[in-house]
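Engineer: Given chain E, put chain X in place with the hints provided.
Chains E and X supply the protein sequences, listed in that same order.
All residue numbers for the first sequence refer to the numbering used here, where the first residue is 1 and numbers rise by one.
All residue numbers for the second sequence refer to the numbering used here, where the first residue is 1 and numbers rise by one.
Hints in this document: simulated from the structure, not taken from any laboratory.
Any given hint might turn out to be false.
If chains are identical, the list can't say which one is meant, so a pair holds when it fits in one copy or spans any two.
To be verified - Straight-line distance between alpha carbons at most 35 Å, and here's what the computed DSBU-like set of lysine-lysine pairs gives:
1. K338 - K74
2. K11 - K107
3. K80 - K237
4. K22 - K237
5. K65 - K338
6. K205 - K11
7. K153 - K108
8. K171 - K11
9. K104 - K74
10. K251 - K171
11. K99 - K309
12. K108 - K80
13. K104 - K309
There are 2 protein chains.
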Amino acid sequence: MVIEMSFTIEKSKAEQACKILKEQDIDAWFVWVRETSQMADPVLELILGGDLTWQSALIFTEDEKIAIVGNFDKDGVESKGIYDTIIPYTASIREELVKQLTRKDPKKIAINYSMNDVAADGLSVGMHMLLQDYLKNTPYLNRLMSAENHIQKLRGRKTAEEVSRIRKAVKITEDIFERATKFVKVGQTEIEIYDFFHRCMNDLKVISAWDVDHCPAVDAGPYKQFGHTGPTDNKTKNGHLLHFDFGVKYKGYCSDIQRMFFFGDTKDIPSEVQDAFETVRDGIQAAAKWIRPGAVGYEVDNIARDFVKAAGYEEYQHALGHQLGRLAHDGGTLLGPKWERYGESPMGVVEVGNVFTLEFYVTTEHYGQVSLEEDILITRQGCEFLSKPQEELICIN
Amino acid sequence: MVIEMSFTIEKSKAEQACKILKEQDIDAWFVWVRETSQMADPVLELILGGDLTWQSALIFTEDEKIAIVGNFDKDGVESKGIYDTIIPYTASIREELVKQLTRKDPKKIAINYSMNDVAADGLSVGMHMLLQDYLKNTPYLNRLMSAENHIQKLRGRKTAEEVSRIRKAVKITEDIFERATKFVKVGQTEIEIYDFFHRCMNDLKVISAWDVDHCPAVDAGPYKQFGHTGPTDNKTKNGHLLHFDFGVKYKGYCSDIQRMFFFGDTKDIPSEVQDAFETVRDGIQAAAKWIRPGAVGYEVDNIARDFVKAAGYEEYQHALGHQLGRLAHDGGTLLGPKWERYGESPMGVVEVGNVFTLEFYVTTEHYGQVSLEEDILITRQGCEFLSKPQEELICIN
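For reference, chain E alone in the conformation it holds in the complex:
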């Protein structure tokens, strides 16, 4: 694991958090946490880096970043150099909390809850109850609102340094896929191949971008529905496909890429497989050509979904793309259909500096699923591929 001892990214994100407030018509953003090594609000790694122990309040206004923390956390927070005002306490945070809010007197206070976006939903029910108790008999209780929009802008608008780390994570992922083209052979089990990826990750000092149980997902042959399943004893076989869903975390930032291998010569690729592959490859390109700042999430999903249906395949049962950053699923606008389980996230708008995945599968009659995933950065003109899109099936002889 790469240990970050400097906090330049966290500092610039904390400053970005202050700047976005005005645009969102919010006077204060209030991050309210405790014992974050046990369950951390997902915003915390963006604007602090590290944990807080006792009940802690991070308050952002246009002109000041305030941290009220337990006395044992004070030195640690101070050493990061992110917060302007650091107030330690011992027995109870209540008094300082009310005092600081009274000093800043914000009219609208955004707190971290969201029905739609897990990345903006870091406040627990118990902590919310505590906050309501601490603020009773103050005017601030009735000034609380959701920070969903604020957090989505903050997470979504990647700084140059954030993009640079994601690029590096993508590059390392592609390097490992390149090594895999030399390692993978007919007759290996999914577990053997999974283990190879982990040796490469150790070697390159990165960790998996999601749950290590199924990162990478390795799917040999037509047996498994792609998803969140770990590797098995299934063996690679001549004439079969091999699917990967893989990402790494480099200095806290993720990649997320799917690749398809085929065992045999290019000339041996069955036409139903080739047709499926081209449909996925070209569907991703169609969406990439269409996406631009101002596009709405579900519109982008529709481009690929219509493309797939026009090609005669059943539509994929997930979203076309999610944002990528500190988290492999980084929240905010989703390039997904308007299904209930996605809430409002497909109605979000694409912005410059967002990083998205573009991914989907189609199902063949005899060879299982064919699925690809690329990573893109939204630019003023449209988008730039961060990954080098897979153009042909990677044939292993």
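Structural biologist: For chain X alone, kept in the frame of chain E given last:
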């Protein structure tokens, strides 16, 4: 990182969860989560091991364990062999959720929120709002209650296998301290010593029990207040103390131990240092002799706190001990004073099978703080030390 591919512990904890229901007068325990790789309810690693992606419900009744999960998670959950009934969904969980609750018709449904205990407070505000929406127009909305007591019993009553993993984590921690007695020398920086501990952890294939930034905490000389601060360029010096707060995670279970080194001969130990050391050592022993099943948290804290005050020192500004398990701070009953920031947790009762730390510091006039921490298992008769208590200052020449 040790990757667990078998789920025997999670299975036995899930079964324990069903058994505890009746005793707590609850008909169903309802765990309600999404995208847990981003923010996981702390109970999830106990009763699942691994992540869930879409909105997911794990429902425990006396006779059945039900998982309603996204279709891509189905195979992964099934392969663990923990749940009796696994129901996948695609577009929305709402219908299946209501259907399964109707089938079991529980009168009291415990959900994961708690003002006192972060380990029992895994439900987010947004997820709670979603649940209220899904259950409106059903009788179940008004049957929800806090699972705090249920979770505290489940986490706190360690199974034999859980205790065995904690023992192993403690053993590894003690081995690393033993190696450190040979490595540590006068003139090293805290960072050099911290790095040595991390090389040992890599070597022994364990990870840190808490935030890697300050695990181990390494405090050389009288300069720092002990707490959650990372290592610095402070150097070890003859006649000075060196303090460690260190724990490892072995197969998901934690140790948490503090040790004190002194640079010089035993005969060089200043009397104020020796007196402080003996006060801490003996205060811990006094609490250990007193603790037993049925004791209330704050009573145990009082034993050590009174001991310290009687010895003429200022009392420590934290709790005497916390539980230890999957988490370094494992929630439930706290051996702490009745301060507002600890909520109700010091009023909890000590039970057989609980694992606690016993830890505190006193402050010397010229040499900074002296602090120790041991790990104990509650037995029917009282307690057993899992760590070998430090009896004398470890002298480094």
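Engineer: When no copy is named, should K171 and K11 be tagged within, between, both, or neither for a Cα gap of at most 35 Å?
Structural biologist: within (26 Å within a copy, 39 Å between copies)
Engineer: Are the CA atoms of K11 and K107 at most 35 Å apart within a copy, between copies, both, or neither?
Structural biologist: within (25 Å within a copy, 49 Å between copies)
Engineer: One pair to classify: K108 and K80, alpha carbons no more than 35 Å apart. Within, between, both, or neither?
Structural biologist: within (28 Å within a copy, 46 Å between copies)
Engineer: As a check of your reading, is K251 near K171 (CA-CA no more than 35 Å) within one copy, between copies, both or neither?
Structural biologist: both (13 Å within a copy, 31 Å between copies)
Engineer: Quick one: K338 to K74, C-alpha cut-off 35 Å, is that within a copy, between copies, both, or neither?
Structural biologist: between (45 Å within a copy, 22 Å between copies)
Engineer: Which holds for K205 with K11 at a C-alpha limit of 35 Å: within a copy, between copies, both or neither?
Structural biologist: both (25 Å within a copy, 33 Å between copies)
Engineer: How do K65 and K338 come out at 35 Å by Cα distance, when the copy is not named: within, between, both, or neither?
Structural biologist: Classified as between; 31 Å across copies, 37 Å inside a copy.
Engineer: At most 35 Å between C-alpha atoms: does K153 with K108 qualify within a copy, between copies, both, or neither?
Structural biologist: within (17 Å within a copy, 40 Å between copies)
Engineer: State whether the alpha carbon distance between K22 and K237 is at most 35 Å within one copy, between copies, both, or neither.
Structural biologist: neither (58 Å within a copy, 52 Å between copies)
Engineer: Are the CA atoms of K104 and K309 at most 35 Å apart within a copy, between copies, both, or neither?
Structural biologist: neither (55 Å within a copy, 40 Å between copies)
Engineer: For the identical chains here, do K80 and K237 meet the 35 Å Cα criterion within one copy, between copies, both, or neither?
Structural biologist: Between. Shortest inter-copy distance 26 Å satisfies the 35 Å Cα cut-off; intra-copy 52 Å does not.
Engineer: 35 Å Cα cut-off: does K104 pair with K74 within a copy, between copies, both or neither?
Structural biologist: For K104 and K74, only the intra-copy Cα distance (21 Å) is at most 35 Å; the inter-copy one is 49 Å.
Hints 4 and 13, counting from the list given before, are not met by this structure.
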